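Undergrad: Listed below, chain by chain, are the residues.
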Amino acid sequence: MSMEIKEDLPENRINHMEYLPGMEVLESEVQQKVIERMQAYDYNKYTAQDVKAALAHSECTPEDFEALLSPAALPFLEEIAQKAQQETRKHFGNSIYMFTPLYIANYCENYCIYCGFNCHNKIRRAKLNETEIEQEMQAIAKTGLQEVLLLTGESRKMSDVKYIGEACKIAKKYFKVIGLEIYPVNSDEYAYLHQCGADYVTVFQETYNSDKYETLHRAGHKRIFPYRLNAQERAIKGGMRGVGFAALLGLDDFRKDALATGYHAYLLQRKYPHAEIAFSCPRLRPIINNEKINPKDVHEPQLLQVIMAYRIFMPFANITISTRECERVRNNVIKIAATKISAGVSVGIGEHVEENDNVGDAQFEISDGRNVEEVYQAIRNEGLQPVMSDYIYV
Amino acid sequence: MGNKIEKDDKLIIGGHSFDSRFILGSGKYSLDLIQAAVEHAGAQIITLALRRANQGGMANILDYIPEGVTLLPNTSGARNAEEAVRIARLSREVGCGDFVKIEIMRDSKYLLPDNTETVKATEILVKEGFVVMPYMYPDLNAARDLQSAGAATIMPLAAPIGSNKGLCTKEFIQILIDEIDLPIIVDAGIGAPSQACEAMEMGAAAVMANTAIATAGDIIQMAEAFRLAIQAGRQAYLSGLGRVMEKGASASSPLTGFLQ
Amino acid sequence: MEITVNGEKVFCEEGITLESLIVQRGHDKRQIAVEWNEKIVPKQEYSTSVIQANDVIEIVTFMGGG
Numbered sequence: 001m002s003m004e005i006k007e008d009l010p011e012n013r014i015n016h017m018e019y020l021p022g023m024e025v026l027e028s029e030v031q032q033k034v035i036e037r038m039q040a041y042d043y044n045k046y047t048a049q050d051v052k053a054a055l056a057h058s059e060c061t062p063e064d065f066e067a068l069l070s071p072a073a074l075p076f077l078e079e080i081a082q083k084a085q086q087e088t089r090k091h092f093g094n095s096i097y098m099f100t101p102l103y104i105a106n107y108c109e110n111y112c113i114y115c116g117f118n119c120h121n122k123i124r125r126a127k128l129n130e131t132e133i134e135q136e137m138q139a140i141a142k143t144g145l146q147e148v149l150l151l152t153g154e155s156r157k158m159s160d161v162k163y164i165g166e167a168c169k170i171a172k173k174y175f176k177v178i179g180l181e182i183y184p185v186n187s188d189e190y191a192y193l194h195q196c197g198a199d200y201v202t203v204f205q206e207t208y209n210s211d212k213y214e215t216l217h218r219a220g221h222k223r224i225f226p227y228r229l230n231a232q233e234r235a236i237k238g239g240m241r242g243v244g245f246a247a248l249l250g251l252d253d254f255r256k257d258a259l260a261t262g263y264h265a266y267l268l269q270r271k272y273p274h275a276e277i278a279f280s281c282p283r284l285r286p287i288i289n290n291e292k293i294n295p296k297d298v299h300e301p302q303l304l305q306v307i308m309a310y311r312i313f314m315p316f317a318n319i320t321i322s323t324r325e326c327e328r329v330r331n332n333v334i335k336i337a338a339t340k341i342s343a344g345v346s347v348g349i350g351e352h353v354e355e356n357d358n359v360g361d362a363q364f365e366i367s368d369g370r371n372v373e374e375v376y377q378a379i380r381n382e383g384l385q386p387v388m389s390d391y392i393y394v
Numbered sequence: 395m396g397n398k399i400e401k402d403d404k405l406i407i408g409g410h411s412f413d414s415r416f417i418l419g420s421g422k423y424s425l426d427l428i429q430a431a432v433e434h435a436g437a438q439i440i441t442l443a444l445r446r447a448n449q450g451g452m453a454n455i456l457d458y459i460p461e462g463v464t465l466l467p468n469t470s471g472a473r474n475a476e477e478a479v480r481i482a483r484l485s486r487e488v489g490c491g492d493f494v495k496i497e498i499m500r501d502s503k504y505l506l507p508d509n510t511e512t513v514k515a516t517e518i519l520v521k522e523g524f525v526v527m528p529y530m531y532p533d534l535n536a537a538r539d540l541q542s543a544g545a546a547t548i549m550p551l552a553a554p555i556g557s558n559k560g561l562c563t564k565e566f567i568q569i570l571i572d573e574i575d576l577p578i579i580v581d582a583g584i585g586a587p588s589q590a591c592e593a594m595e596m597g598a599a600a601v602m603a604n605t606a607i608a609t610a611g612d613i614i615q616m617a618e619a620f621r622l623a624i625q626a627g628r629q630a631y632l633s634g635l636g637r638v639m640e641k642g643a644s645a646s647s648p649l650t651g652f653l654q
Numbered sequence: 655m656e657i658t659v660n661g662e663k664v665f666c667e668e669g670i671t672l673e674s675l676i677v678q679r680g681h682d683k684r685q686i687a688v689e690w691n692e693k694i695v696p697k698q699e700y701s702t703s704v705i706q707a708n709d710v711i712e713i714v715t716f717m718g719g720g
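Residue numbers (our numbering), protein chains in the order written: chain A, 1 to 394; chain B, 395 to 654; chain C, 655 to 720.
Listed next, the in silico PhoX-like pairs over lysine-lysine satisfying Cα-Cα at most 25 Å (straight line):
#1 Lys663/C - Lys693/C
#2 Lys521/B - Lys271/A
#3 Lys237/A - Lys162/A
#4 Lys693/C - Lys514/B
#5 Lys90/A - Lys564/B
#6 Lys521/B - Lys697/C
#7 Lys6/A - Lys122/A
#8 Lys127/A - Lys162/A
#9 Lys271/A - Lys514/B
#10 Lys683/C - Lys693/C
#11 Lys404/B - Lys33/A
#12 Lys514/B - Lys503/B
#13 Lys90/A - Lys52/A
#14 Lys172/A - Lys237/A
#15 Lys693/C - Lys521/B
Read the hints as simulated data drawn from the structure, not as lab findings.
Source: prediction; values computed, not measured.
Looking at chain A on its own, in the form it has when it is part of the complex (with noise of 0.2 Å):
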């Protein structure tokens, strides 16, 4: 880490909270809303009595996933699981959805202390050419996918908005499906990459707590908690087919993070029915030159009850397990509530094609780093369907 870092201090970085030149805002109540429910959330209160009864009802309340967050619901994960199974093959049969994350650049203008990325860490940095882009295309589309979600590291300033169009153009020769995670960008700018052939965004608020955000995001357009918030909603109006999110859970206090990030999207869902809805659940993994950070308190168990409430509460919704997992994970959770798993993935810049020298380092390090045909068996294996898309572009 570099030695001295202006906005170490406190009084030195922006306001948080205050939106800066450019910034789209929109007139929305949802942010106010999410934040309420998640400082009213009390966790403790909940009993095994109200774990019971949201297994039973037919449709889960915001209060049922409440409680399926809850300490109280962790006798009952076996019981949980039975319900999210159900829940998830009454809604996608067997089918499993295959991607893979393709990362074109990795330059970034924010200082965010957990992430291998931010600019402060001495990386190597790299972005591809439209050139080193299809080629890492076609390596990919060779191994059979045909959903592909593209990554930058977020700086507009290398990785402008034309350069991201450019990449979904040419991605849309190869692929059915083009997922973007990207910087948080206005609704026009939504619109624009959608013409270009995007139609999911995903983007990660990392933790809802203001407070936390704020002495972890301490420099760089990503530090304005309020438009980060709101991108998916930017998304939608932009014309975007659907809007994932996630918390990355340890960050803060995971049950409310991940209490926050169902019903942003419960209320996203309701206030534009239309739209599609995802969930990731990443929880934090070491990182390259950071051993401060902790996971603290989410083990397996706890990531699983995150997983399984959001299925239970959201049903219809994709949840992708990551690869921060390890392959034992990942095989059982697509079993129970996962619907979309990645393969063949690389974190790091230029690694599909052997022969590329602009090549840049990874965001973290992946736990499951079997490629396409491994996860396509093991899929078979457990008795479900591989799907490479059932989708088409309109």
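Given chain A, put chains B and C in place with the hints provided.
TA: What follows is chains B and C alone, placed relative to chain A:
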């Protein structure tokens, strides 16, 4: 978190607060029975229809409705949005408040409501300051349109008007209750107190009934039976139904045994 | 002169106001609404509304309905 019965469990419609969750229709009665029916039903809202006034000082229904009861004129007879708007405006001009129940039927055999026209009429009347309570066929998309048009409640039908067939559309009404952030008032087709009770247990905000009471052997007793059934259903809903697990916990952990 | 009230042709004296017509027909004005040539008339304007020949008037009130 206990589910206590709320002491002040009010039905809020367009900013007005009601203790009773039974909306009584006033059709098919002899006028002298209306007052007793309202009282034994405990109803605070009663629906009325607008018609041409007969010549010559005949008895008027308004003289038989107890004071303090909120009048809810309907737009029955309207076949499209335009006619419903006209009837609503005339009803308000009589001078009994801003409530209106939109009812638009293009079908004289089943009397099923026309959701498309109902959305149009709701948009217009909300802008004119009415408290709009649309009667509708329980369709989620139409209900969402009504909500965004500014409706105060949604009134899905349980079965064709006057059929006394009960909750034929149960699954679809449940979807509206789960998805729409407005009071859902089950209207039409409720033929027996047990059906009204069931609607309330599902989470309906209120029940409207007319024919079942007006055609009962003893109107007063039936009005009271409905009142009690609606109260019972509401109380059951607030107490939290179905708190029994369908299956007991299994001894082994087939799905979660992998956890470390 | 001839006018139409609630769809029926009726005869009435020249210069009659809406107010008088309503009283003649035995209505309590607190219980009715009036449409005069397709326009709703506020109650306070009944006494100043002078009816002309061939006018079309609707007088409505409430009755039982579900």
